[in-house]
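Asker: Sequence:
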Amino acid sequence: MTDQWTSLTKCPHPRFSNAVFLSADEFVVAPYNYDKQKADGILKYNVSTNKWSTLVKYPKNFQISNCTLSVDDNERKLYLLGVESMVYCVDLDTNKFHKLPKGDLEVGVNASSLFIDGRLHILGGSRCRQHFVRKIYTEETGGSASSGDDDEDKKTAADYEFRAVFEFEEWAKGVQNCALIYVRSRHQLILMGGYHQYCEHQYADIVWTYDLSVAKKHRKWVKRCKMPERACYFGYALTSDERYVIAMGGYSTARKQIKKTYVLDVESMKFVKSTNVSSPASGSVRGTIDDDNNIYLFKHDNGALWKINASKLIQRSVHADDDNYANALVRKYKKLLKAAEMENRQLKIQLSKQKQVNEQLVTQKRRSKTDNKAVEAASADSKKALKRVSELEQATQEQQTEIRRLEEKVNKQERYINELEGEKMMVKNTSLQQKLKIRELKSRLGELEDDADQLDSIESFLAKQAQLSKQQDLALQEAGVIN
Numbered sequence: 045m046t047d048q049w050t051s052l053t054k055c056p057h058p059r060f061s062n063a064v065f066l067s068a069d070e071f072v073v074a075p076y077n078y079d080k081q082k083a084d085g086i087l088k089y090n091v092s093t094n095k096w097s098t099l100v101k102y103p104k105n106f107q108i109s110n111c112t113l114s115v116d117d118n119e120r121k122l123y124l125l126g127v128e129s130m131v132y133c134v135d136l137d138t139n140k141f142h143k144l145p146k147g148d149l150e151v152g153v154n155a156s157s158l159f160i161d162g163r164l165h166i167l168g169g170s171r172c173r174q175h176f177v178r179k180i181y182t183e184e185t186g187g188s189a190s191s192g193d194d195d196e197d198k199k200t201a202a203d204y205e206f207r208a209v210f211e212f213e214e215w216a217k218g219v220q221n222c223a224l225i226y227v228r229s230r231h232q233l234i235l236m237g238g239y240h241q242y243c244e245h246q247y248a249d250i251v252w253t254y255d256l257s258v259a260k261k262h263r264k265w266v267k268r269c270k271m272p273e274r275a276c277y278f279g280y281a282l283t284s285d286e287r288y289v290i291a292m293g294g295y296s297t298a299r300k301q302i303k304k305t306y307v308l309d310v311e312s313m314k315f316v317k318s319t320n321v322s323s324p325a326s327g328s329v330r331g332t333i334d335d336d337n338n339i340y341l342f343k344h345d346n347g348a349l350w351k352i353n354a355s356k357l358i359q360r361s362v363h364a365d366d367d368n369y370a371n372a373l374v375r376k377y378k379k380l381l382k383a384a385e386m387e388n389r390q391l392k393i394q395l396s397k398q399k400q401v402n403e404q405l406v407t408q409k410r411r412s413k414t415d416n417k418a419v420e421a422a423s424a425d426s427k428k429a430l431k432r433v434s435e436l437e438q439a440t441q442e443q444q445t446e447i448r449r450l451e452e453k454v455n456k457q458e459r460y461i462n463e464l465e466g467e468k469m470m471v472k473n474t475s476l477q478q479k480l481k482i483r484e485l486k487s488r489l490g491e492l493e494d495d496a497d498q499l500d501s502i503e504s505f506l507a508k509q510a511q512l513s514k515q516q517d518l519a520l521q522e523a524g525v526i527n
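In this text, residue positions in the sequence shown follow the working numbering: the first is 45, and each later residue adds one.
It is worth saying that the hints were derived from the structure and are not from the lab. Watch out, some of these pointers could steer you wrong.
DSBU-like mimics (lysine-lysine), calculated; alpha carbons at most 30 Å apart, straight line [claimed, not checked]:
| no. | residue 1 | residue 2 |
| --- | --- | --- |
| 1 | K397 | K143 |
| 2 | K54 | K303 |
| 3 | K303 | K80 |
| 4 | K82 | K146 |
| 5 | K317 | K479 |
| 6 | K300 | K121 |
| 7 | K300 | K356 |
| 8 | K270 | K356 |
| 9 | K260 | K303 |
| 10 | K121 | K399 |
| 11 | K356 | K397 |
| 12 | K82 | K101 |
| 13 | K146 | K260 |
| 14 | K260 | K314 |
| 15 | K140 | K82 |
| 16 | K121 | K260 |
| 17 | K88 | K303 |
| 18 | K80 | K351 |
| 19 | K143 | K121 |
| 20 | K399 | K431 |
| 21 | K479 | K314 |
| 22 | K300 | K260 |
From a predicted model like this one, the values you see are computed outputs, not experimental measurements.
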């Protein structure tokens with residue numbers, strides 16, 4: 045069934061990057077700009093007005109194709125990498141493109157990327173079997189956002205270059221067009237499917253996970269399960285409550301076009317039953333999702349665009365109303381958590397700048413020991429600066445406390461959802477036990493009915509035998525054998 049999908053305004057260009065949301069009602073794509081297709085710049089789609097517009101124009105003679113796009117929400121910057129082997133940064137406040145310093149990275153075509161807590165993750169590509177990470181924020185911009193990785197936050201020259209943190213040894217040369225998802229509540233990356241151009245089995249079906257919460261030296265990609273079928277070039281989306289990953293369309297073995305939708309349960313890392321609503325497009329597609337669980341699916345070859353709510357693709361549970369309430373609370377607290385993290389980021393920037401001012405004043409004070417007036421002025425300024433630093437540090441601590449409070453609320457709601465899932469399983473188990481008991485009772489009833497039939501047959505036989513005996517006795521009396 046595809047009639048539950050809503051058709052929307054087509055993308056002005058048929059070939060483009062993955063889509064990323066900039067706000068609750070706007071997402072962007074980067075159209076290819078090369079010999080086979082010409083484009084003006086990065087496009088923005090408004091989900092409320094159903095209209096496309098150019099957000100940032102491409103520089104003169106700029107070329108990009110087979111690219112991946114990621115977004116830094118805090119700094120309002122996009123990161124773009126294509127077959128041209130250069131990472132570009134797009135500042136959305138100034139609408140300017142610039143090459144990322146030491147941003148040369150040859151990965152081939154169709155790599156995958158994510159921007160997470162001040163670091164750019166790039167994985168795969170047709171000629172890359174590594175997972176690269178690069179720290180983007182410097183101390184001058186306030187240090188990286190909180191990542192729970194203290195050893196990485198020590199500034200070294202290598203921090204601001206791409207470094208491989210893992211290599212997939214079983215990949216011949218690389219994997220392109222794989223799904224790369226960040227599950228913030230679990231501090232976990234998920235990798236699914238992809239296209240092995242140089243392997244016998246060209247279409248991948250492995251689901252991997254990468255735990256960002258453990259120490260750096262213990263991090264590695266781990267195989268968790270297999271997809272229902274080998275797949276690549278499919279659209280995918282993580283639901284806003286981070287419970288499910290939905291895969292739609294794509295290609296399978298021998299370029300078979302996939303119309304089915306598959307649902308991965310993030311908790312159990314197993315694929316669960318989906319509804320019978322199929323994808324409106326097969327083959328190469330792109331997907332993204334908003335905070336209200338509305339999925340937007342593109343046909344990559346012609347720009348066609350559709351929308352559907354994720355709830356129509358996932359089997360509803362017996363606790364559907366409770367699930368919706370709990371998921372709404374999770375979304376609410378995640379929005380608050382994101383806002384708190386952004387505020388904390390700004391406080392860190394202010395604190396870093398104020399510390400620099402304080403260091404400059406201390407240096408001036410040391411150099412001005414012979415000038416009493418200068419010393420007094422510097423001392424007064426230094427006291428003010430120290431007071432400001434103390435205030436900022438206190439504000440940062442309060443913000444960290446607020447972040448921990450919100451994280452606890454998110455975790456509480458996640459536990460509530462898990463409890464609901466447990467109750468649902470208990471109901472299912474009870475129902476199953478009842479069915480088994482009914483089956484056992486039916487079997488016993490059948491046995492009793494057979495016994496009753498047999499008893500009826502015996503009684504009839506005995507009655508008939510008694511009748512025959514009487515007839516024999518009468519015959520014998522008539523013959524004078526017995527009196």
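Asker: Which hint numbers doesn't this structure obey?
Answerer: Hints 6, 9, 11 and 22 are the ones this structure does not satisfy, whereas the remaining hints hold.
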